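Colleague: Starting from the structure of chain A, add chain B where the hints point.
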Amino acid sequence: VSDSYFPVGPGLGMEENFLSLDDILMSQEKLPGRAESALPRLAVLLGQGAGSAESVPEGSKLEIPLWLAKGLHDSKRRIISVELPKIYKEAWRTVFSADANVVDLHKMGPYYYGFGSQLLNFENPENPEIAQTDSVCFLQTFIARFRRIMDSSQNAYNEDTSALVARLDELERALFQVGQKGLNDFQCWEKGQASQITASSLVQNYGKRKLTEVDG
Amino acid sequence: ERNQADVSEAKSGRTDLIFLIRFRHCCLLRNQRCLLAYLYDRLLRIRALRWEYGSVLPNTIQFHMSAEEVEWFNQYKKSLATYMRSVGGEEGLDLTQDIKPPKSLYIEVRCLRDYGEFEIDDGTTVLLKKNSQHFLPRWKCEQLIRQGVLEHVLS
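Line by line, the protein sequences give chains A and B.
full-length UniProt numbering puts the first residue of the first sequence at 1, with every later residue one more than the last.
full-length UniProt numbering puts the first residue of the second sequence at 1, with every later residue one more than the last.
This is chain A alone, in the form it adopts within the complex:
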């Protein structure tokens, strides 16, 4: 958008930013979970039953969004327990260690890194080592992919970048865009256009979109 608009960015690590639109979208992603006890009257809401008084039986599998999982989770696991989605588990970890660049992270869940950091919030007392190895693997994946992102963002000038960007998750896309902006600004400076006053992009967008008058 334009130079003066600074939206609230996503949170780093295990904390989300309350007002960040990116974090809100990210926490909408679903997790597999299990009901630890019978949940009365929730059947309809969670898509499991038809009657309004039905309860979700104990032990049934649920897919719930992250925000709900965080709200209903507590360390004694009386209501809900969550499991790691497939992509963060063993099988995928070997794929990542083989060649991290190949994986289409956007398809796997567009907020791979953000969501993964949030999962550390759910302590899994049975497997404390898993958390440790998870975070290590995570980091390795990121490091492996980062080099390529950086290279491509700095070298693709005025080209159609949709093919490059298609397999990146949201965090990587943001990094890519920052790289591109730097590149464009530099080229602009080289051409001597840095001192040119430009119409604000906000204004240009308002002009293009026909703002219709609302009746009443």
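Bear in mind the hints are in silico, worked out from the structure with no lab data behind them.
All figures in this text were calculated on a predicted structure; none of them were measured in a lab.
A portion of the hints provided could be inaccurate.
Claimed, not checked - On the chain B side, residues computed to face chain A include the following (Cβ under 8 angstroms):
{"#": "1", "residue": "R30"}
{"#": "2", "residue": "L35"}
{"#": "3", "residue": "L36"}
{"#": "4", "residue": "D41"}
{"#": "5", "residue": "L44"}
{"#": "6", "residue": "E52"}
{"#": "7", "residue": "Y76"}
Said to hold, decoys possible - As a list, the in silico BS3-like pairs of lysine-lysine whose alpha-carbon atoms are at most 27 angstroms apart:
{"#": "8", "chain 1": "A", "residue 1": "K181", "chain 2": "B", "residue 2": "K130"}
{"#": "9", "chain 1": "A", "residue 1": "K191", "chain 2": "B", "residue 2": "K140"}
{"#": "10", "chain 1": "A", "residue 1": "K191", "chain 2": "B", "residue 2": "K100"}
{"#": "11", "chain 1": "B", "residue 1": "K130", "chain 2": "B", "residue 2": "K140"}
By construction, the Cβ of each residue, glycine as well, lies at the ideal position given by its N, Cα and C atoms.
Modeller: Only chain B this time, still in chain A's reference frame:
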């Protein structure tokens, strides 16, 4: 209200309803969060408008703002003006000017759409018609360029 009814039921002994209450509470908090983030983002954009567009907003944009947002914009304008007056000596410093370092006092501009008459400091008026080119002082044109009326032409 549904939550209230359940709370009173829970207090009177049905402890398994706690989950339901908690669930609804989560949903309420979620809705609240989404609303707050939306409103806050709108404010951030309105603030950007002051810097990008100037202190008078076009009617089409104002139409889409709520009364509270217009009020907020006016307050923000006032705070900004007070601050600008206090910085930089007697006359104050207009921070919204010269966002990019200027290279010359006068610039060449081309008009992108009909605007009408425009008066410069020494009293002469210039008629801004589509595609006419002029050589004008930078500080007068800057706002019009940002608004998309004029285009800065580099020689």
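Colleague: Take the hints in turn and mark each one as holding or not.
Modeller: Do the hints match the structure? See the list:
This hint holds: B:R30 has a C-beta 5 angstroms from the nearest C-beta of chain A, less than the 8 angstroms allowed. Restraint check, B:L35 versus chain A: the minimum CB separation of about 11 angstroms is more than 8 angstroms; hint violated. Among the interface hints, the one on B:L36 holds; its C-beta lies about 6 angstroms from the nearest C-beta in chain A, closer than the 8 angstroms criterion. For B:D41, the interface hint holds, since its Cβ comes within 8 angstroms of a Cβ in chain A; the closest pair sits about 6 angstroms apart.
With a least beta-carbon distance of about 6 angstroms to chain A, the hint placing B:L44 at the interface is held under the 8 angstroms criterion. Because the closest C-beta pair between B:E52 and chain A is about 4 angstroms apart, less than 8 angstroms, the hint holds. Interface hint at B:Y76: violated, since its Cβ lies 12 angstroms from the closest Cβ of chain A, which is beyond the 8 angstroms cut-off. For the hint linking A:K181 to B:K130, the alpha-carbon distance of about 32 angstroms lies beyond 27 angstroms, and the restraint is violated.
Taking the CA atoms of A:K191 and B:K140, the gap is near 26 angstroms; set against the 27 angstroms cutoff, the hint holds. A distance of roughly 15 angstroms separates the Cα atoms of A:K191 and B:K100; the hinted pair therefore holds under the 27 angstroms criterion. Only pairs whose Cα atoms come within 27 angstroms are accepted, and B:K130 paired with B:K140 is accepted, the gap being roughly 18 angstroms.
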